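Visitor: Respectively, the protein sequence lines represent chains A and B. Residue 1 is where the first sequence starts when you use my numbering, and the numbers rise one by one after that. Residue 1 is where the second sequence starts when you use my numbering, and the numbers rise one by one after that.
Don't read these hints as lab results, they were simulated from the structure. Do not take every clue at face value.
Said to hold, decoys possible - Once the Cα atoms are required to be at most 20 Å apart in a straight line, the calculated EDC-like pairs of lysine to aspartate or glutamate come out as: (1) Lys111(A) - Glu127(B); (2) Lys269(B) - Glu288(B); (3) Lys285(A) - Asp115(B); (4) Lys111(B) - Asp294(A); (5) Lys159(B) - Glu127(B); (6) Lys111(A) - Asp174(B); (7) Lys269(B) - Asp115(B); (8) Lys285(A) - Glu116(B); (9) Lys285(B) - Glu116(A); (10) Lys285(B) - Asp115(A); (11) Lys111(A) - Glu280(B).
As the list claims (entries may be wrong) - To give an idea of the chain B side of the interface with chain A (calculated C-beta under 7 Å), a few residues: (12) Trp33; (13) Ser52; (14) Leu53; (15) Cys82; (16) Gly85; (17) Asp86; (18) Lys111; (19) Val113; (20) Glu116; (21) Tyr121; (22) Glu124; (23) Pro142; (24) Gln146; (25) Pro276; (26) Pro277; (27) Leu278.
Given the structure is predicted, the values throughout are model-derived calculations rather than measurements. Using N, Cα and C, we set each Cβ at its ideal position, and we do this for glycine too.
There are 2 protein chains.
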Amino acid sequence: MSMSQGNVWSPVITPFGSDLSPDVERLVSHCRWLISQGVGLAVFGTNSEANSLTVVEKVELLEALVAAGIPADRLMPGTGSCSIGDTVTLSRRAVELGCAGVLMLPPFYYKGVSDEGLFRYYSEVIERIDDARLRVYLYHIPPVAQVSISLPLVERLIKAYPSTVVGIKDSSGDWSNTQALIDKFSEQGFHVYAGSERFLLATLRAGGAGCISATANVNPEAIARLGKTWQQADADEQQASLNRVRAVFEQFQMIPALKAATGHYSGEKDWLRTRPPLVELSADKSRELFSLLDAEHFAMPDLPSTGV
Amino acid sequence: MSMSQGNVWSPVITPFGSDLSPDVERLVSHCRWLISQGVGLAVFGTNSEANSLTVVEKVELLEALVAAGIPADRLMPGTGSCSIGDTVTLSRRAVELGCAGVLMLPPFYYKGVSDEGLFRYYSEVIERIDDARLRVYLYHIPPVAQVSISLPLVERLIKAYPSTVVGIKDSSGDWSNTQALIDKFSEQGFHVYAGSERFLLATLRAGGAGCISATANVNPEAIARLGKTWQQADADEQQASLNRVRAVFEQFQMIPALKAATGHYSGEKDWLRTRPPLVELSADKSRELFSLLDAEHFAMPDLPSTGV
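Make a model of the complete structure from these sequences and hints.
Guide: Printed below as a string of structure tokens:
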């Protein structure tokens, strides 16, 4: 991934129909909008409810996105699952379709596993795919996965697969960990992405790559702008403004709140739907969210809408 | 499930070949041995490394077990996964094959989800399968899944699906929770299984159904005997003896230790293999395990072996 493509990625929210099946058309038009706003497409992330989708659904969606003309080099699908087999199936298809890379969770069911076991997992996946085009971005999100990717594990994986294991998304929320990853690995070309735009400026100033952030679904242009102009004089001001919007969303369950906002500003109520075990935002909570966003003069311009 | 079939179930460990694919023949012969020792087959449990298998692998294994003559009414496969689609696929096949029931994890990727979201998940699964033969046993294992099945959720599910949601496995390790489940729901015919034979006698005395326990893979006959003879005078003595063996295994990583013991007593070293992210027991740890087991005069009689 070159910097010219931007350094901000969105874990794209997934729209569902009334039978809870993925709404391909709506997803395609949302992806087109996100690209027009300057962010890349980390589809099948945590905020995409990716782990509520089957691997078959994910393969089909990825194929549909590319078939619809979404540029594959702007796609970084999440492919990590609990089983080696599913991770290989989806990652291999992503490589074949020309995706920029894959964002790979560790296997997250068994807890307290060793770095040796996680190394073997990633190693087995990479060797089964056996494709020089594969670019793996590790996905460290201990608050959700409850299985961590330690610095020694990152080091061992880079050493074993230097042209394949090329980056990490750090969603620990712990800046000292992001800083340590940058300090240790960025110089050799390893891409460290913060898991929230709260850390975007700090990440870029420290020598990191950018961010992959939930709220890039709703505030993409402003986040992408800081990603581009972080060396300008108003960077801290931009960061402060991003933080205010982020702080609003953080007061709610993130995924339902992202969908509520997207539904509200597009007029497309189908966006509100989540797959169980997630539940849509209540009417009260939604009103509270919109009122807080109004106070920030928040908008989602040019969002695709049928004007419902 | 009638009591005549026994009230002790084993989450059957899964043997893998050198390419990490499931070894069907070895699994079939281990299942036959477990049945001969008096325990039922909760295949695809936590201790089966079920979450390191794809749903396709699980469907194929289940079909192979039934085709090999394993009685379906002695099978209670684990079928719960993060996605509704995968849970439905495997559960439906289990029903079609005539399995006694299915043991269903909650979706375990997203944390901090609500009872409402979990209710919708189970509800959606049950209504999609839409088969009067379906028998769901809920699987409460907060130390691993990190998503809990609360008493109010159990109550709501029983009320909504009284002939379908018929039991629970409580692997919380918290006896007060097991006791509360029994006190609240056993009288109406709801089956409460403890997740360890440590609680077998207490569960049966309180009016619960039995246990589904990892160590029933290695100590099946003795556990099944207490399950049958718990009203006899020597029941407390039997329980104490089971606890001593259990305590040995609890000093090690459970799944690798179960496989090490099975490999050791059968002479079949292929048993040692685990799928990443799990790692087999080290040689040192294995020696320690066998020496502790020898001190307990532990044996696994009549274990299938090719005499390697």
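Visitor: It remains to establish, for every hint, whether it holds in the given structure.
Guide: Here is how each hint holds up against the structure:
no.	hint	in the structure
1	Lys111(A) - Glu127(B)	violated, 31 Å
2	Lys269(B) - Glu288(B)	holds, 17 Å
3	Lys285(A) - Asp115(B)	holds, 18 Å
4	Lys111(B) - Asp294(A)	violated, 30 Å
5	Lys159(B) - Glu127(B)	holds, 15 Å
6	Lys111(A) - Asp174(B)	holds, 19 Å
7	Lys269(B) - Asp115(B)	violated, 44 Å
8	Lys285(A) - Glu116(B)	holds, 16 Å
9	Lys285(B) - Glu116(A)	holds, 16 Å
10	Lys285(B) - Asp115(A)	holds, 18 Å
11	Lys111(A) - Glu280(B)	holds, 15 Å
12	Trp33	violated, 25 Å
13	Ser52	holds, 5 Å
14	Leu53	holds, 6 Å
15	Cys82	holds, 4 Å
16	Gly85	holds, 4 Å
17	Asp86	holds, 5 Å
18	Lys111	holds, 6 Å
19	Val113	holds, 4 Å
20	Glu116	holds, 5 Å
21	Tyr121	holds, 4 Å
22	Glu124	holds, 6 Å
23	Pro142	violated, 11 Å
24	Gln146	holds, 6 Å
25	Pro276	holds, 4 Å
26	Pro277	holds, 4 Å
27	Leu278	holds, 6 Å
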